[in-house]
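Chemist: Here the protein sequences line up with chains R and G, keeping their order.
The numbers in full-length UniProt numbering rise by one with no breaks, and the one at position 346 of the first sequence is 346.
The numbers in full-length UniProt numbering rise by one with no breaks, and the one at position 362 of the second sequence is 362.
Hints are computed from structural coordinates only; laboratory data are not their basis.
It is possible that part of the hints are untrue.
As the list claims (entries may be wrong) - Partial selection, computed: residues in chain R whose CB lies under 8 Å from chain G: (1) I208; (2) N216; (3) K217; (4) E234; (5) D243; (6) L245; (7) F257; (8) L263; (9) K264; (10) M266; (11) I270; (12) G271; (13) T272.
Here a beta-carbon is modelled for each residue, glycine too, at the ideal position from N, C-alpha and C.
Protein chains: 2
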Amino acid sequence: MTGTGEPPRPAAPRPAAARVPGARRPATARPLPIAVDTMGGDHAPREIIAGAVEAATEHGVRLVLVGQAPRIRRELDRYGFLGKIPIVHADEALDMGEGALASWRKPRSSIAIACHLIKQGRASALVSAGSTAGVVATSRLRLKGQQGVMRPAIAVALPTRPRPTILLDAGATADVKAEGLVQFAALGTAYAQILLEVDRPTVGLLNIGAEPGKGNKLTRRAHELLAGGSHGLEFTGNVEGHDLLAGRADVVVADGFTGNVALKTMEGTIGTAFSEVRDAMTASPAARMGALLQRRRLQDLRDRLDPDTYGGGVLLGLNGTVVIAHGASRARAITSACELAHRLAAGRIVERIREQVAATRTSRFGRWTHGERDGDRAARNADRPAEAAPDPELSPADTMPDRIEPPGTP
Amino acid sequence: MTGTGEPPRPAAPRPAAARVPGARRPATARPLPIAVDTMGGDHAPREIIAGAVEAATEHGVRLVLVGQAPRIRRELDRYGFLGKIPIVHADEALDMGEGALASWRKPRSSIAIACHLIKQGRASALVSAGSTAGVVATSRLRLKGQQGVMRPAIAVALPTRPRPTILLDAGATADVKAEGLVQFAALGTAYAQILLEVDRPTVGLLNIGAEPGKGNKLTRRAHELLAGGSHGLEFTGNVEGHDLLAGRADVVVADGFTGNVALKTMEGTIGTAFSEVRDAMTASPAARMGALLQRRRLQDLRDRLDPDTYGGGVLLGLNGTVVIAHGASRARAITSACELAHRLAAGRIVERIREQVAATRTSRFGRWTHGERDGDRAARNADRPAEAAPDPELSPADTMPDRIEPPGTP
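Bound conformation, chain R alone (with noise of 0.2 Å):
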C-alpha cells in the first residue's frame, strides 16, 4: 500500500428508504481505509504502530491511525513511513481499566473519533485493542446498533479443524432472549460466509444437552424458533461444550454470559495443558531434547487458540465494523486485526448482517421490532447521513478532529 495522504473523502449520503433487503451501496472502486486506533492495548501506542505498518505494507490494507498524533508521528518515522499513512488526532484515550462509562465522559477518546471517521464514511471499520468494556460501550454509542439488530455480540473464530468455528456472543450481551439469540445466529452466519467462505454456514445452539428438549428456559425457546423458523439459517441443532474444538457447527450460538465463560475456559484449560507440558519439559535435559516436537504441537494448538493469531473479536450488529484485539495484543496481532476489519469490510459485512437479519425478521418472528431497543433508534435516524444525526453529548463541532494530520509534515 502506498497511501497517498490525501484525506478519505465522506462516502455519498445513502438514499432515503434505503431499508429495501438486499439493498446495496454502489460499489466504491477504492476501499475506506480501516481506523486503528493507536492508543488502546497494554502495548500501545509502540506495538499498535508497529502492527499496522506491517499490515500496511506487506498485506496493502489501507490504514488511518488514529490517537496522539506526534506520538504517532515519531513511531512512524522509526520505521520511514512518515507521510504515508494518514493521521487523525484524538486528545484522550480510554484506560485499559475504563468501562462503559467512560465512553460517555470522553466524547475525543481516540476510539470515538475513530467511530466519527465510520460515520462519515471516511473508514470503513475500528480496531482497537482498548478494553472490550470500553470499546464495546463507546462504539455501541457511536455508532448505534444496526436497523434491526437487537443486540450486538462478539464473534470469535475457535481453532477447529478443518476450519474454524465461529463463537458468539463471547460477551457483548450478557443476558439477551430467545429472538436475540436468533440474531445472533444470523449475524454468525453473516460473518461465517465472509471468514469461512461458505454459502450456507451450519448454526448450532450451545446447550447442556444434544436433544431439543434440553437446556434452560432460554436454550429452549431459542431452539423452538431456530428449529422452526423460515429464517434461511442452517440450523443444526445444539452444540455441547465438548463439542466446541470438534468442529461441529461453523457458527455455536450462545448468550453473552455463556459464551465468554466457555472462551475463557477452554484458553484456561489449554494454559494449564501447556504449562504441565512444560514442566514435564524442565524435568530432565533428556525430556527436553524429546519434548520439543509435543511442545511445539501444543504450542500451535494454543497460537491457534491465542486472540494475537486469530485476529480478535468483532463486534457484530453496529453501523460499522469493529474489531476488538486483545488487550495484550502484540504487532502480530494489530497486524491479523487490520487484515480481519480489511476482509469484513471488503465482504461488506454490515450489508451482509442486514440482508441476514432482515430474512429472521420476514419469517413469523415479525414481532421484534416492537420496543425501544438499540437496533429501533438506529432505525430512526438510519436514512439521514449519518453527518446530520443530532447527538448531544457529541458535536461535530467539539469532538471532530479539526483537521486531518497532512501526511508529509515532519
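With chain R fixed as given, assemble chain G onto it according to the hints.
Modeler: Chain G only, in chain R's frame:
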C-alpha cells in the same frame, strides 16, 4: 469389609421438631451401607460390580448391591464374593437414554429401590452410573429436597493444584435464581469441608469479569447477596472461566447451565490438547520416544479431569447422598464413586448441608422459604419417619423388594 449379610436395619425415626441448626443424629457405631445401582452405566452390571467388590475389599466400604439379583449373584461368584455383600433385587432399570420421565414410569427401577433403602434408613447413599437425567429425576422424586433447600446441585471436583476446586452446579438445575446460587454456595461449602478437609473453604462466583458490577442479571444479584450477607460463607468474589483450573477458590458456584457448559468445555479442550499431542507422537519414531514423558503429563492431567478418576458428580441438597458416576464408568470409577459416597456419608454431608443452609436462612434472606419449592414440600414431611410418608405412585407394597437377598445362597 466383611459383609455379614444381615439386612441393614432402619435407623430410628428422627425426633419431631428437629429443625434446630446444628442438631445431629446420634452417632451410630457402624456406618450404613452405600447402595450401588448395578444396572446403570454403559458397562453394567459387570464393571459396576467389579468396582464395588474392589471398594469393599480394598477400601472397606460397606455396600448393598441393587439390581437383578440372579445376575448380581453370578458376578459376585466370579470373584468368590457370593454371600459377602448383601443384594436387594430390583425388577427394572432405567436405560441410558431415558431421562426424567422414566423416573415416573419405572417406580421399581434399581435407582428408585436404592433411594427407598436410603429413605428407610437402610442405606446412607446411592452410587449410580445411570444417565444423569434419570438419576437426578428419580432421586429428586424419591428422596425429595432437603428441608430448606430450594434446588439440588451437582458438584464435581476439578483437578486443580494443590487441591481440587469444587464446581457446582454442573447441571442439575439449569434455571436458578440468585438466592439459589447463594444456597449452592452453602451446599458447596459443606461438600468442600468434607472433601478438602478445610474448615472455611473459599467460595467464588463464576462470572465474566472480576469486578463486582460485571455479569448478567443473575450473577450481579448473586454477587450482591454473597458479598453482603451474613451467611457464614467465605466469599472471595468473582472468578472467570480461565481461573477455573487455577485453583482461585475452593468452591466455584454457577447455575447448572453455565456450570455444565464450563465443565464440558474443559473436558473437550483437554481431549483436543491430548489428541494433538498424540498426533505429534505418531509423527516420527524419534518423536515417539521423546514424547513419552510429555504424553504422561498430559495423560495425567486428563486422568485428573476424567470422571473415572474424580469419582463422578455428587447430587447435593436431597435427603440422602447421591454420587453420579460417568455413564462410561469402568470398575475403577465405580470404586472411586463408592469411596466418595462412603466419605461423604461418614462426614454427615446431609446434616452439614442442613446447618450450612440454615445459616444462610437466618440471614436477611429469610424470605427464601416462601412458595412451593422442593425444600418446602420435603419440610412438611421431614419430621415423619420416611417409611410412613405416603407416595401415591410408590406404595411400599408394590415397590419394595419383598426380601433382602439372603446372602450365602448360591
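Chemist: Each hint: holds or not?
Modeler: Evaluation of the provided hints:
1. I208: holds (4 Å)
2. N216: This interface hint holds because 4 Å falls under the 8 Å limit.
3. K217: holds (5 Å)
4. E234: Result: violated, 22 Å to nearest chain G Cβ.
5. D243: Holds, about 7 Å.
6. L245: holds (4 Å)
7. F257: holds (4 Å)
8. L263: Constraint on L263(R) satisfied, holds at 7 Å.
9. K264: Holds, about 3 Å.
10. M266: With Cβ-Cβ at 5 Å, under 8 Å, it holds.
11. I270: holds (6 Å)
12. G271: holds (7 Å)
13. T272: holds (4 Å)
Of the numbered hints given earlier, the model fails hint 4 alone.
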